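Protein sequences, first through last, are from chains A and B.
Note that the working numbering has the first sequence beginning at 1430, numbered continuously upward.
Note that the working numbering has the second sequence beginning at 1430, numbered continuously upward.
Careful: at least some of the hints might be erroneous.
Stated by the list, open to error - Computed Cβ-Cβ distance ranges for the label pairs, DEER-style: (1) A/Q1723 x B/G1728: 52 to 62 Å; (2) B/E1855 x A/I1517: 42 to 52 Å; (3) B/G1557 x A/E1747: 46 to 56 Å; (4) B/D1651 x A/E1471: 36 to 46 Å; (5) B/C1850 x A/S1523: 45 to 55 Å; (6) B/A1863 x A/E1471: 15 to 25 Å; (7) B/A1863 x A/A1522: 15 to 25 Å; (8) A/G1484 x B/D1651: 53 to 63 Å; (9) B/G1557 x A/T1719: 18 to 28 Å; (10) B/V1752 x A/E1883: 24 to 34 Å.
Claimed, not checked - Below are the DSS-like pairs computed for lysine-lysine, each with C-alpha atoms no more than 25 Å apart in a straight line: (11) A/K1757 x A/K1810; (12) A/K1493 x A/K1757; (13) A/K1810 x A/K1690; (14) B/K1757 x A/K1871; (15) B/K1493 x B/K1757; (16) A/K1866 x B/K1866; (17) B/K1690 x B/K1810; (18) B/K1871 x A/K1866; (19) B/K1866 x B/K1757.
Just so you know, these hints were derived from the structure itself, not from any lab.
Since this is a predicted model, take the numbers as computed values, not measurements.
Quick reminder that beta carbons are idealized off the backbone N, C-alpha and C, glycines included.
There are 2 protein chains.
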Amino acid sequence: MVESQPDTELLQQLRELLGETGLRIQPDDVIPDVVLRPQTTEQVSAILRLCSAAGQAVVPLGGKTGLANGHIQTRGEFGLSLERMSAIEEIDASNRTMTVQAGCILQVAVEAATEQDLLLPLDFGARGSATLGGIAATNAGGNRVIRYGMAREVILGLEVVLADGTVISSLNKMLKNNTGYDIKQWFIGAEGTLGVITRLVLRLRPNPRSENTALLAVDSFDALTGLLRWLDARTAGTLSGFEVMWPEFYEYITREGSLHKPPLPHGSAFYVLVETLGSEPESDAERFETVLGQAMEEGLIADAVLAHSQSERNALWEIRDDVLEFFKLGPIIPFDVSVTLDRMEDFVADIRAGMDAVQDAICIVFGHLGDCNLHLILGAKDHGNFDHDALSTLLYETVQRHEGSVSAEHGIGITKREQLCRSRSEAELQLMMAMKKMLDPKNILNPNKIFAAETLAAG
Amino acid sequence: MVESQPDTELLQQLRELLGETGLRIQPDDVIPDVVLRPQTTEQVSAILRLCSAAGQAVVPLGGKTGLANGHIQTRGEFGLSLERMSAIEEIDASNRTMTVQAGCILQVAVEAATEQDLLLPLDFGARGSATLGGIAATNAGGNRVIRYGMAREVILGLEVVLADGTVISSLNKMLKNNTGYDIKQWFIGAEGTLGVITRLVLRLRPNPRSENTALLAVDSFDALTGLLRWLDARTAGTLSGFEVMWPEFYEYITREGSLHKPPLPHGSAFYVLVETLGSEPESDAERFETVLGQAMEEGLIADAVLAHSQSERNALWEIRDDVLEFFKLGPIIPFDVSVTLDRMEDFVADIRAGMDAVQDAICIVFGHLGDCNLHLILGAKDHGNFDHDALSTLLYETVQRHEGSVSAEHGIGITKREQLCRSRSEAELQLMMAMKKMLDPKNILNPNKIFAAETLAAG
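Could you put the whole structure together from the sequences, leaning on the hints where they help?
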């Protein structure tokens, strides 16, 4: 990006629009320079109208928890933070919907739904900071996608401001609504490059009345996929978690001296955290146990431990969630990819074979198997053996060879821009760029995210 | 539309491309004139390239079961039938996906999935004729949306041919794939106006192992919505049907002398057909009965009859499905709308009040309450009292006043084109038209559907 002085006339107009507290300007030598903090959709609209006229780039900001640098401001770009638009405007218990402003933090929304005995079924590690606007913009996934779907499936309506300031209000509350093109779908997952999301209508579900959790040891990949199918068929509609840990993950996190005691002995091929969310506490627990027992008889499970209390459940989840522990091992790169189940075993074997060439290699694999979604952590314990580009190339070339997705749930942002062509054809990319140019002809909305400005200009 | 002679040079090129059997030309005085019958995506691409160059309008044809005239060919428009592209290309049991050509008939696909003990969860009356391409193009809904979602939620990947012949292949099989814009969403529900769908990847589910069905009588609308919430919370993830019949529906279909015996006596305010699809035949039946018993104790259900065999289940569904019976009453119009639950009772009361002015009025209300989706059949027993425009105006004005949707699941087509503005804002319509113009600048793809050509030209 060309570094440039902010347009003083534009800044003056924005100051008049937003007031002193609506504008945060950092000292010259720090990035970000300018962050705009509107309080209303009308202000967002006015901001974009002014910035559009001035050709001023704008980076929409939510909780800044994205893992693909989709929220990074380059010098000269204005941040557009939704932090002062964080209200829960309505919880409609009769229609089981929630209307929120885009800056509302996920955990706040989840807790408000819980108070009404309703469930907002989005959940992932960044719940305490991620905003619902950012979640919609990145089509976030997380822990319960297998049961409730990605953010896309939870969003019934959106209000979006286009690059030229036009407000598109599609705050639909109905589950069925086939009136022309479903515009909201265009903006979900577009990472703020097509419009700024200002308001959302979310679908709420009944709050589960039972929670059943187990940690299972499994002997082979075939048994693992067999188990997934078995459980999905026998826990009709209630399977909400099938989180697989390859042994390197489980054994390191529960190693001697760590915070976590191993609930199952080391030495198995796979460890799976399984969860169902049901409606009848007593009979659900019994049924869960019966189904796992049958799977054991079928040879799908080698060993199992069931949680019998909330603290036991938490202890199991804490093992799965203690991912940050791996960041202490040495320099690493976390990856987020999808591969179909029939290719997953070969995919992981190919990655491992590639990592054999790395001295002191770190190679950790885990993920939401029911969604085809693997997270991999690759690195080296010693800085001298860490080659960022080589690891990245190994990973993404292997994804491409197995026809996987270079981004399962984290998005493209800046980080994966150069990898996008591994999962999408030239025709698809040209079509996406045509959409971007139609909706944002001056490329002011989150420029250089998903597509580099030069690529767009040349496309 | 201007009537015109087909371009003989274009016809010659198409005949060379498709062969004699690939082209069906009807006698001059019959509509449709020309139907193109490609066998491959490459042929669809070549057809659109030729038609695009010649400015020739093309109407994509599936099973022609749509209820909004989205498939109607006007003289001079070429039909593009996918009837010779009907193969099931793959059932991938390990990933639980099915890849089909767009002309594949729903029932054929459902039966093929069942043979693998898998469920393709799309189901509605036209299952024997509707094609999966048409289902995707109209984002069809139907009977089990409450559990499995609309067609949009079942479609993992699409192959689409654009107006200029470009083939967009997005045959994704993975549940999570956030690699740039989710292009397939643009075409789902676009009624063939943005591209021609040629291939689909569908998500399959485990085949349910138990089916529990009951017919319930309910005393008030409050009890009805309370019952929906109650059942949804207590049948965790398995509720697959909540089909409500207002008394005029139930009492007419089960009247003396009709084919259907009334399983419950006449005289209740509402009748509800409830279904769960579970995994444990014995304990599911017991649980279903317990939950209904509790709802009765809570005063949510006034009377109930449970189906104890497949034939009893069928008998209950046949009452709900015997909608064609109302077409014999006299001239009628079937409507398909959505209204949020908190406004639904008033909405129906307003329609009924409006129908009081009609002599010999027919006013039948039923629908998928869990999806906010009502079907209404309005008419008059005597032709002399039937005023199509007055009934249509009454219905749609009332939908608009209650902020509902003029099309829940049937789409806009030609039939509801003039009503679209009642459910969508001017800004939304302008944005949709911009999309149409970008993807189909010559307006050759299903012209005059959703938007009249004049509206597009003026917009």
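Here is what the structure says about each hint:
1. A/Q1723 x B/G1728: 52 to 62 Å: violated, 39 Å
2. B/E1855 x A/I1517: 42 to 52 Å: Because 29 Å falls outside the window, the suggested range is violated.
3. B/G1557 x A/E1747: 46 to 56 Å: About 52 Å separates the Cβ atoms of B/G1557 and A/E1747, which means 46 to 56 Å holds.
4. B/D1651 x A/E1471: 36 to 46 Å: holds, 38 Å
5. B/C1850 x A/S1523: 45 to 55 Å: Since the Cβ atoms of B/C1850 and A/S1523 sit about 27 Å apart, the hinted range of 45 to 55 Å is violated.
6. B/A1863 x A/E1471: 15 to 25 Å: holds, 22 Å
7. B/A1863 x A/A1522: 15 to 25 Å: Taking Cβ atoms as reference, B/A1863 and A/A1522 lie about 37 Å apart, which means the hint is violated.
8. A/G1484 x B/D1651: 53 to 63 Å: holds, 56 Å
9. B/G1557 x A/T1719: 18 to 28 Å: With Cβ atoms ~39 Å apart, the hint is violated.
10. B/V1752 x A/E1883: 24 to 34 Å: For B/V1752 and A/E1883 the Cβ distance comes to about 58 Å; the hint is violated.
11. A/K1757 x A/K1810: holds, 9 Å
12. A/K1493 x A/K1757: holds, 22 Å
13. A/K1810 x A/K1690: holds, 24 Å
14. B/K1757 x A/K1871: Violated. B/K1757 to A/K1871 sits at ~58 Å, over the 25 Å cutoff.
15. B/K1493 x B/K1757: Distance of about 22 Å is within 25 Å: holds.
16. A/K1866 x B/K1866: holds, 13 Å
17. B/K1690 x B/K1810: holds, 24 Å
18. B/K1871 x A/K1866: holds, 19 Å
19. B/K1866 x B/K1757: violated, 43 Å
Hints 1, 2, 5, 7, 9, 10, 14, 19 from the earlier list are contradicted by this structure; the remaining hints agree with it.
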